[in-house]
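2 protein chains.
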Amino acid sequence: MTFTSFIPPERTLMGPGPSDVSARVLSALARPTIGHLDPKFVGMMDEVKALLQYAFQTENEMTLALSAPGSAGMEACFVNLVQPQDTVVVCQNGVFGGRMAENVKRIGANLVLLESEWGRAVDAQALDNLLEQTPQAKFVAFVHAETSTGARSDAKTLCEIARKHQCLTIVDAVTSLGGSELRVDEWGIDAIYSGSQKCLSCVPGISPVSFSDRAVDIIKHRETPVPSWFLDQSLVMSYWSGEGKRAYHHTAPVNSLYALHESLVILHDEGLENSWQRHQDMHQLLATGLEKLGVDFVVPQAERLAQLNTVLIPQGIDDAKVRAILLNDYNLEIGAGLGQFAGKAWRIGLMGHSANRANVALCLSALKEVLV
Amino acid sequence: MTFTSFIPPERTLMGPGPSDVSARVLSALARPTIGHLDPKFVGMMDEVKALLQYAFQTENEMTLALSAPGSAGMEACFVNLVQPQDTVVVCQNGVFGGRMAENVKRIGANLVLLESEWGRAVDAQALDNLLEQTPQAKFVAFVHAETSTGARSDAKTLCEIARKHQCLTIVDAVTSLGGSELRVDEWGIDAIYSGSQKCLSCVPGISPVSFSDRAVDIIKHRETPVPSWFLDQSLVMSYWSGEGKRAYHHTAPVNSLYALHESLVILHDEGLENSWQRHQDMHQLLATGLEKLGVDFVVPQAERLAQLNTVLIPQGIDDAKVRAILLNDYNLEIGAGLGQFAGKAWRIGLMGHSANRANVALCLSALKEVLV
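Protein sequence lines, in the order shown, are assigned to chains A and B.
Residue 368 in the UniProt record's numbering is what sits at position 368 of the first sequence, and the numbering runs on without skipping anything.
Residue 357 in the UniProt record's numbering is what sits at position 357 of the second sequence, and the numbering runs on without skipping anything.
Take the hints with a grain of salt, since some may be wrong.
Identical chains blur together in the list; that is why a pair holds if it fits in one copy or across any two.
[Unchecked claim] Below, computed lysine-lysine pairings styled on DSS-like, alpha-carbon distance capped at 25 Å: (1) 321 to 40; (2) 344 to 245; (3) 321 to 245; (4) 220 to 105; (5) 321 to 164.
Hint data in this document are derived by calculation from the structure and do not stem from the laboratory.
Being a predicted model, the structure only gives us computed values, none of them experimental.
Please put together the full structure from these sequences, using the hints given.
Given below as structure tokens:
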């Protein structure tokens with residue numbers, strides 16, 4: 001067998017992530033590798049931490065970038081905080097809420113599932129009622145931006161309700177960080193995880209996480225060790241923490257962290273609120289155009305994510321064929337439906353660097369040509 | 001606060017990893033990101049799998065690159081195979097054997113520790129004796145190339161002994177893959193993990209793993225789910241497996257896999273045996289030079305790793321100061337001692353792209369100047 005270098009095609013990425021990675025971030029990624037304990041690298045990690053605190057709007061000391069994708073970020077939140085004797089209310093309104101439930105089950109903790117309709121926000125009133133009847137609940141977990149459906153839940157209100165019932169919150173912000181209003185400290189979120197490859201427009205493979213002091217307190221006072229050594233945040237923090245010598249835990253993904261740093265500098269330069277607004281503006285442009293094409297949204301307007309537009313595949317249209325034409329003839333990737341929406345919906349991403357007028361124009365024109 | 005792009009210094013990496021990443025691999029890394037389900041990307045993954053089978057010298061179907069560092073590869077092997085009722089013999093002769101033991105403890109399985117002297121190979125006769133007295137043992141775990149000490153254990157013999165006692169083997173090949181003779185099928189290794197950033201000279205953050213059919217059989221017939229959802233190899237394989245549609249599990253680290261692909265193509269072009277020999281040749285050059293400088297090795301000659309040379313810090317020499325001078329004045333990174341050897345030894349890596357005459361010459365000259 002012979003093997004040669006892999007030269008990928010140049011795509012426009014308007015699926016559910018990864019989003020387009022800018023030349024600037026790709027350049028950062030390709031800078032020379034240095035050691036994970038090199039003082040210059042450790043200095044850069046401090047900046048990554050400060051920039052993540054900005055992106056999350058938090059002063060949480062335990063804020064860092066995990067050396068693995070968002071799924072590992074989710075698992076890190078659950079395995080560090082939840083112990084087998086705990087009861088966790090998981091709000092499910094899509095695929096990723098289901099994955100949260102799976103995490104709770106594998107820990108052997110008590111799972112109470114609150115199911116909301118797919119394509120809708122989590123039902124806040126139903127959560128309040130459920131917690132009223134579930135005094136043993138210790139955690140409430142929900143997905144801020146459901147990547148499988150395009151629905152945005154009211155994280156602020158859900159956290160208020162959880163707090164009212166003395167519950168800590170675990171929040172999935174994989175698709176929301178950088179693209180939707182998100183205020184970790186103000187809203188009182190206790191554990192949150194995201195991904196590098198959505199609205200931050202960094203390469204995939206890194207998961208920003210943050211834990212409140214209340215959450216850190218639980219981690220410090222666990223009765224049993226965290227089941228995962230790799231995801232044990234007490235150990236990970238000894239590598240990421242500010243003062244003095246860093247304790248080796250594992251070899252950090254040096255180059256991916258260069259890229260994350262660059263993408264966060266770009267976000268900081270633009271300004272977080274400006275980035276949220278840009279996502280909203282591009283969404284509005286796309287929605288207006290889709291309406292003209294007669295394409296309908298899955299999610300009611302008030303609950304839609306700007307950065308992930310889930311639309312019903314028009315009747316008589318061949319899902320896979322259209323996506324293949326877009327990919328092969330236009331080099332344009334849009335996302336297939338997932339879970340309940342497989343074969344029924346498309347997911348059009350406007351995330352980070354992908355949320356720009358040129359992409360919206362390309363997508364609308366290509367769809368118009370293909371859907372004729 | 002202001003933030004600007006991070007421009008790393010250009011180092012020569014002769015520590016315990018990451019090793020020097022070639023311009024060719026960095027170029028591959030920076031190619032445009034495409035989707036993790038893009039047919040072009042899936043085709044590349046098939047090549048990564050075939051190239052890893054070559055590097056591991058195996059036909060194992062469950063051979064793939066985990067989306068996280070070697071520590072996660074270690075954890076994947078343990079959490080997928082070992083269940084709480086199992087007894088695992090862990091051979092410890094350095095830091096990483098200790099980490100294996102920690103994995104067994106966190107699973108809640110029965111740990112039997114076989115300690116060998118640090119800086120020496122695992123004692124094969126002692127393992128045979130121990131297994132004779134431990135008929136309930138189901139797994140034997142050991143580190144092929146101990147990155148903390150520079151000792152190479154006789155993996156072939158250890159696997160023979162394990163098989164004689166009906167045990168499966170879990171092997172750490174983080175530092176050996178690509179740099180030392182390693183034959184997974186011929187030696188009968190059941191589960192093996194490595195890292196991208198050592199003798200493959202790829203960027204850090206990816207862990208090649210491989211499981212034998214015997215190991216896969218255990219995974220398939222587990223009584224309880226794998227405690228980690230992210231590392232559940234049954235799920236991961238549904239994304240990596242050859243036939244038909246790939247099932248989404250998590251978003252793969254697309255660009256890091258471009259880089260891994262390129263580094264494996266380079267290894268394949270050179271030839272595995274040639275790479276092993278090059279590491280040995282460069283080690284010989286370095287050892288001859290170090291001898292002239294009066295610097296002694298920690299590990300007896302027959303048990304030394306070519307790619308990781310652990311040497312005693314000469315008397316009267318300030319460890320941290322010398323390493324700082326090498327780093328700041330020569331842009332040369334060598335490794336500090338770890339565990340029992342902290343402050344007592346240096347670790348000089350000759351891994352992958354770093355194993356060349358220029359690096360050996362630089363290291364010897366710089367040490368000569370600094371140690372005067």
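For each hint, the structure was consulted:
Proximity of residue 321 to residue 40 under the C-alpha cut-off of 25 Å is restricted to the inter-copy arrangement: shortest distance 17 Å between copies versus 49 Å within a copy. For the homomeric pair residue 344 and residue 245, the shortest alpha-carbon distance between copies (18 Å) is at most 25 Å, but the shortest distance inside one copy (53 Å) is not. When the C-alpha separation of residue 321 and residue 245 is checked against a cutoff of 25 Å, the pair qualifies only between copies, where the shortest distance is 15 Å, while the shortest distance within a copy is 56 Å. Within a single copy, residue 220 and residue 105 get their C-alpha atoms as close as 22 Å, and across copies as close as 19 Å, so both meet the 25 Å cut-off.
Neither within a single protomer nor between protomers do residue 321 and residue 164 lie at most 25 Å apart by alpha-carbon distance, with minima of 49 Å and 55 Å respectively.
Checked against the numbered hints above, the structure violates only hint 5.
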